[in-house]
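Dock chain to chain to rebuild the complex, using the hints, since each chain is given by itself in its own frame.
Sequence lines, in order, name chains Z and D. The opening residue of the first sequence carries number 8 in our numbering; numbering runs sequentially from there. The opening residue of the second sequence carries number 6 in our numbering; numbering runs sequentially from there.
Rather than coming from a laboratory, the hints here were simulated on the basis of the structure. Check before you lean on any hint, since a few could be wrong.
Capping the alpha-carbon separation at 20 Å, the derived lysine to any residue pairs in SDA-like fashion look like this [unchecked claim]: (1) K62/Z <-> E26/D; (2) K25/D <-> R63/Z; (3) K78/D <-> K40/Z; (4) K25/D <-> Q71/Z; (5) K62/Z <-> H73/D; (6) K62/Z <-> E33/D; (7) K62/Z <-> A66/D; (8) K40/Z <-> F57/D; (9) K40/Z <-> L58/D; (10) K40/Z <-> S29/Z; (11) K40/Z <-> E45/D; (12) K90/Z <-> Q30/D; (13) K62/Z <-> D64/D; (14) K90/Z <-> F27/D; (15) K54/D <-> Y36/Z; (16) K62/Z <-> A21/D; (17) K25/D <-> I87/Z; (18) K62/Z <-> L61/D; (19) K97/Z <-> E72/Z; (20) K97/Z <-> D66/Z; (21) K40/Z <-> T65/D; (22) K40/Z <-> D64/D.
Listed below, chain by chain, are the residues.
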Amino acid sequence: MNSEKPDIPLTPAVFHILLALSSGDRHGYGIMKQVEADSMGTVEMGPRTLYGSRKRMLDAGLVQESDRRVDPELDDQRRIYYKITGAGQKALAAELERYRHLVSLARERRLLPKTLAYDV
Amino acid sequence: MSDSHRIRNFYRRLLALYPKEFREQLGESMMQTFDDLCDERLGSYARGKGRFLVSLFADTAFGIVREHFHAIKRAHVMRSILNSPSRAAALSVILALVPAFIFVVAFFEIEPVNSFLSDLVTGPDGVRNSVVGLLILIGAFALLPLAFFVSLTPIRWAMRAGGNLFDHPANLVLATVVLLAVSAILGHVIADQFPCWIGTPNCD
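Bound-form chain D, shown alone (with noise of 0.2 Å):
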């Protein structure tokens, strides 16, 4: 097989990656196109080819994601999970599992993940914290007042169409959890860490 072939069939299984409504709407002409430009560019002189065809790869690559990005917003994905009281519940459970995971294992001081999680956050030379890791660390933390808020808008939607707070009783039960875990979290961060506010010597 000739690199011409190898080089086009690379480039149709990475069309093949483009969400199928644009594939079957485009996908024959994106690949005239292709076509086209490597007769251009490739067939009159050798020197950049390379780079070429990694600008062009990486192109493509980019819409690829893009389109789907694209799809997701056209399908109403979220407003279609946040709609559903089960599917709202389902994706607040699976929010919260991170940070959860993270407290679990911090807690009961889990080996050898408690000793990863340690390092993230110190960083190489176990001193100086990482401004990554702690990154990480709050994103994850992040999540269960997300969690909190998607568990909660069903309810929000259905007392706003007249409903009742009690509507979907596993969605509240699950948003009071997430709020007690927030809050005992926030309390105990704020319990540990108050002595350093007001100066006390020697606290970390």
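The shape of chain Z in the complex, shown without the other chains (with noise of 0.2 Å):
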């Protein structure tokens, strides 16, 4: 995934963790609660899920460490924080434009339903 193309597509898991990260640095339950957010509550990330896909995704240079640490005053300072890279970014484009292309396609074929077929 380092390489100039990303290894798209990405699993679900991963993306979400990508567009996560892609607003700010989080630590893990930061992340489990952005992913519900952002999901509407579909998406439920158990640490299973997090921590096997942070692990790989750590692996193939999508996300790092941040040096971001909270103030201890309002949060435990050993707390860690990740944060997107540069290939973490480009592989979260070419998804978003790998959907962009897929959401056009449905929407020259009739596939979604009229209210969305606008606001697309």
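Structure (structure tokens):
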């Protein structure tokens, strides 16, 4: 995944983790909550999926540990935050482009419900 | 020690079962996430506490198995075994020992193992064949062809690299012995069952 061309399609878990990290550095629990919010509660990620995916994302260079440490008055100083890397941003962009293409294809074939067809 | 301390300690012990590399990279973060989840789910209400903990521990246990599997895949354990003729031969012997043991027990009717194996195949009523027992037995004998291929792999790789058939004589002898054993067992099964296949009455 470190190569110029990102390895897509991404798994749903990797996609949601990248999407959650695209709006800021987060710790494990923060990622879980953001994924839940982004998916409107349809994706609930357990520790197994979250950390299994994150291990492979760390190895692939899609995410990395962040230097950010929150004020110890507000949060646990030892808390580990993760951030999206350049390769992760490229992979996310490529995956979103793939989705955009699929949605336009669905629109062409009149597969989308009417309300969505006008929104997209 | 309070309940929450006990649960936390248990989870920490569970995390120790993850592969070392995984644990070192993500263990602390997992512990923090566990604490956060417990604060959220156990702090506010008591209902569903047990279900939440069981699903969390089960999820983690599955994760441990999966990460060990990934670690094995990453380490290319099988390739490194097959690259070494002596290790391939040792693995081949281990694989062949299981069916060899069953064969010896059945041939010499060594009790009580022989009765145990018979019960496994015929099932509890002693008349009808047990599908599970048969599958176990077929699976055990399927290890013989696997042993043959494991033993032969270093020879195949050597020949592909320009070597010859006799580069690894021990593997060649072992592969030949296993092949003879497979042929003998197949021959015995065919000879034994042939009358039934051609419709001879009262055969079993």
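Evaluated hints:
1. K62/Z <-> E26/D: Holds, at about 10 Å.
2. K25/D <-> R63/Z: Holds, at roughly 15 Å.
3. K78/D <-> K40/Z: Given that 20 Å is the threshold and the Cα spacing comes to 31 Å, the pair is violated.
4. K25/D <-> Q71/Z: 19 Å, holds
5. K62/Z <-> H73/D: Satisfied, since the Cα-Cα distance of roughly 13 Å is no more than 20 Å.
6. K62/Z <-> E33/D: Holds, at about 13 Å.
7. K62/Z <-> A66/D: Measuring from Cα to Cα gives roughly 16 Å; hence the hint holds.
8. K40/Z <-> F57/D: 16 Å, holds
9. K40/Z <-> L58/D: 18 Å, holds
10. K40/Z <-> S29/Z: 14 Å, holds
11. K40/Z <-> E45/D: 11 Å, holds
12. K90/Z <-> Q30/D: 15 Å, holds
13. K62/Z <-> D64/D: 16 Å, holds
14. K90/Z <-> F27/D: Distance of about 18 Å is within 20 Å: holds.
15. K54/D <-> Y36/Z: OK: K54/D and Y36/Z at ~18 Å, within 20 Å.
16. K62/Z <-> A21/D: 16 Å, holds
17. K25/D <-> I87/Z: 18 Å, holds
18. K62/Z <-> L61/D: 19 Å, holds
19. K97/Z <-> E72/Z: 18 Å, holds
20. K97/Z <-> D66/Z: Status holds; Cα separation ~16 Å.
21. K40/Z <-> T65/D: Holds. K40/Z to T65/D sits at ~19 Å (cutoff 20 Å).
22. K40/Z <-> D64/D: 18 Å, holds
Consistency note: the structure conflicts with earlier hint 3 alone.
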